[in-house]
Amino acid sequence: MSEAVEVLLLDDEPIVGRRLKPALAKLGCQVEVYEDPKEAMQRLQEKQFHIVVTDIRMEDIDGMQVLEFVRQRWPETKVIMITGYAMMDLAREAMDKGAFDFIAKPFKPDDLRRVIVMAARHLGFEIDYQPAGDDGA
Amino acid sequence: MPIIAISANHFELGGQIARQVAEALGYRFLGRELVEEVAREHSLAAAELRRTLEEPPNLFNRRSRRRLLVHLQAACLERLQEDGAVCYGLGAHLYLTGISHALLVRILAEKPDPQEPARQRWAQEFFQKDENDPSLYDMVLSLASIEPKQAVEIICETAGYRKFQPMTYSRKCLQDRLLECRVHQRLMDQFPDVRVQASDGTVVVQLRGLKLDQRKKQRTVRDIARQVPGVEYVEVHVVRSFFDKAGG
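Protein chains in written order, with this note's numbering: chain A, 278 to 414; chain B, 121 to 368.
Think of the hints as simulated: they come from the structure by calculation, not from any bench. Using N, Cα and C, we set each Cβ at its ideal position, and we do this for glycine too. Just to be clear, a hint being listed does not mean it is correct.
If you anchor each label on the Cβ, the simulated ranges turn out as follows [to be verified]:
id : chain 1 : residue 1 : chain 2 : residue 2 : range
1  : B       : D203      : A       : K303      : 24 to 30 Å
2  : B       : G280      : A       : Q307      : 30 to 36 Å
3  : A       : K303      : B       : T322      : 23 to 29 Å
4  : B       : R315      : A       : R391      : 28 to 34 Å
5  : B       : R139      : A       : G361      : 37 to 43 Å
6  : B       : G218      : A       : E290      : 23 to 29 Å
7  : A       : Q407      : B       : R183      : 45 to 51 Å
Just chain B, with the same shape it has in the complex (with noise of 0.2 Å):
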C-alpha cells in the first residue's frame, strides 16, 4: 500500500478529500492532529508547533521554526514507516520527494485560501519548493473541472497502480530520510545549520565553520551522530564560512 500526500490551495477542502479517501482505502489519516503527540513527545508548545505549520518564517524566528520543523518532520517519517497511509497539512508532499511509493497530490479549488501567498513562502523558506510547480506532484486534480467525489475516487483508484506500491528500494528511501532527520534532530542545537545525508546507516553531515576548529566539530558531530540508533558510520565535512574565507 502506498503513502498519499495531499496539498491544496483549499486547506479545508483539501484535508475533507485526504479524510475521504483515507476512509475509502482503510489508511490511517495523519493530519495537524500529530502536533499534539509531537509537542508532548519534546515538551514543546503545541501554538507554536502550529504557527511553524501555518506561517512563513521571519528573521527573528527561522532558526527556532525550523528546528521545530525537524521535530514534526520526524514524527510525520517515523509515522510513514508503516505503509497505508493518508498525510494533509504536515508540508510531507514537500519531503517525500524521490520516495516511489508516495504519491503526491495537488488538489486546486477553485476559490484558493486567502492564506496561500503566505503559505507559498513556507514552502520557499522552509523547503526551496514551490507548491505550484507541477512537477513536483503525481497529480494535480482541478476542482473546477471535477466534483471533490470525484477526485477521491481519481486518487483512490491512481493508489492503486502497480507503480505507486512500496519495494525494497522505496522503503529503505523512506528509512533513510528519517535517518537524516533524526541525526539532524540530535546535531541542530549546537549545529544549526547542519545539512545531513544518509544511506543505509552511512550518514554524511555538512556544516560550516572556521578551519582552525574543524578537526573539534568533526569529532563532536561523530559522536553526537553516532548516538542515533541505526547510525553505522559518519562522515562530516566542514565547509569553510564566509569568514574563513575573508580571512584567506
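So that you can see chain A by itself, here it is in the shape it has in the complex (with noise of 0.2 Å):
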C-alpha cells in the first residue's frame, strides 16, 4: 500500500464529486472523480482503492452492484455508500453486502471526513483528522 489513502469517489452528479474531493484532499487523500459508473468499474476492475466512496441511485449500474464488485474483487477495499434516498431497507442490504458504512445525503463534507478516517484507519492508516464546521453537500 502507498502512503496516501486512495479513494475512489463516484456520484453521477457532478457537484458532489467538485464538492468532496477537495474535502478529502485536506485529510492527505488522493481522490479519483467519476461520474459514469462504467468509467468507475472499467478503473476498479485495474486498480485497488484502499476506499471507494460511490451513490447508490446511478444510471446503467447502481451502487449496490459496485459494492458487489469491489467486494468480490478487491475484498480488503472499505466501501461507503451515499444516497438521497435513503430507506432502512435499502440500508441493511447495503451493510448486508459488506458496506463499510452508509450515509444519507444530504451529508456535510465532515461527515464524510469522519467516515473516511475511520475506514483508513480500519486499513491500518495513521491519520490526523480535527472535525470542523463546514456546509451541507
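Since each chain comes alone in its own frame, lean on the hints to assemble the complex.
And the structure:
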C-alpha cells in the first residue's frame, strides 16, 4: 500500500465530486472522481483503491452493483455508500453486502471525512483528523 | 453493536429472555428501572409512570399519560444513542421502527399474560400499532416450538448479522428521533396535540389551531423549540382546527 489513502469517488451528480474531492484532499487522500459508473467500474477492474465512495441510485449501473463488484474483486477495500434515497431496507441491504458505512444525503463534507478516517484507520493508516464545521453538500 | 428491542406476550418470560440476551452479548439492559430515573429527573410520581406503561389510557388520563410517555421515550432514546443495548418493557419496539440497527423481536409464549388484551389496546392507543402484526418485527419467536434458551441463542446470533450493525445513517435517524422527542417534551404542556418531525437539526412542528392566532402560535412554538440543543431551524404548520373549519 502507498502512503496516501487512495479513494475512488463515484457520483453521477458532478457537484458532489467537486465538493467532496477538496474535502478529502484536506485529509491527504488521493481522490479520483467519476461521474460515469461504467468508467469507474473499468478503473476498479484494474486498480485497487483503499476506499470507494459510491452513490447508489445511478443510471445503467447502481451503487449496489459497484459494492458487489468491489467486495468480490478487492475484498480489503472499504466501500462507503451515499444516497439521497436512504431507507432502512436499502441501508440493511448495503451493510449485508459488505458496505463499510452508509450515509444519507444531504450530508456535510465533515460527515464523510469522519467515515473516511474510520475506514482508513481500519486499514492501518494513521490520519490526523480534527472535525471542522462546514456547509452541507 | 445493534440495539435489541424485545416485546413479549408474557411479560416475565420476555424479561428473562431479554436479560439473558443482554448478559450473553455483554450489552446494557434497559428495562422498567428507567421509570425510577425518569421520575427523579422530572419530579414525577413513579407509580403513575409505571401505570402509564402498564395500562391503556382512558378518556380522562389520555393527555397526561401521553406526556409521561414522551418523558419515558426521550429518556429511553437518550440511553439508546450508545449502541449495544437490550431494551425491554418500555415499548421501544413501537418507536424504534425504521432504525436499521434496531433489531426488533417478538416473543410469543404458549400462554399469554391475562393482561395481554389490555397491552394490545395500550399499543394501539399510544402508537396506533398492532403488537401482533409480525411485520412490525425483524423476528418473531414462538416458545411453542423452541425453548427460551434457544430463543436467546437465536437472538444473539442474529444480532451479529451485518445488516443490524449501526452506520452513520441509522445513528443519525436515532438522533433525529431523540430530537423529535425533546422538542415534543418542551412543547407538550402548552400544545398537547403537537406533532414533531426532525431531520439533521431541522424540526417541523404541526399543531392544531385557529387561523386567527396562527402567527402567534408559530412564533411561540419557534421560540420554545429553538431552545432545544441541536435544533437549528424550525418550521411550524398550524392545521386549522375543527371549530375554525366549522366557522367557514
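Each hint tested on the structure:
A hinted range of 24 to 30 Å holds for the C-beta pair D203 (chain B) and K303 (chain A), which are about 29 Å apart. Checked against the given bound of 30 to 36 Å, the beta carbons of G280 (chain B) and Q307 (chain A), roughly 35 Å apart, stay inside it. For K303 (chain A) paired with T322 (chain B), a C-beta distance near 27 Å keeps the hint of 23 to 29 Å intact. A hinted range of 28 to 34 Å holds for the C-beta pair R315 (chain B) and R391 (chain A), which are about 32 Å apart.
Distance hint check for R139 (chain B) and G361 (chain A): the Cβ-Cβ separation is about 41 Å, which falls inside the suggested range of 37 to 43 Å. Between G218 (chain B) and E290 (chain A) the Cβ separation comes to about 26 Å, which falls inside the hinted range of 23 to 29 Å. For Q407 (chain A) and R183 (chain B), the hinted distance range of 45 to 51 Å is satisfied, since their beta carbons lie about 47 Å from each other.
Figure legend: structure checked against the earlier numbered hints; every hint is met.
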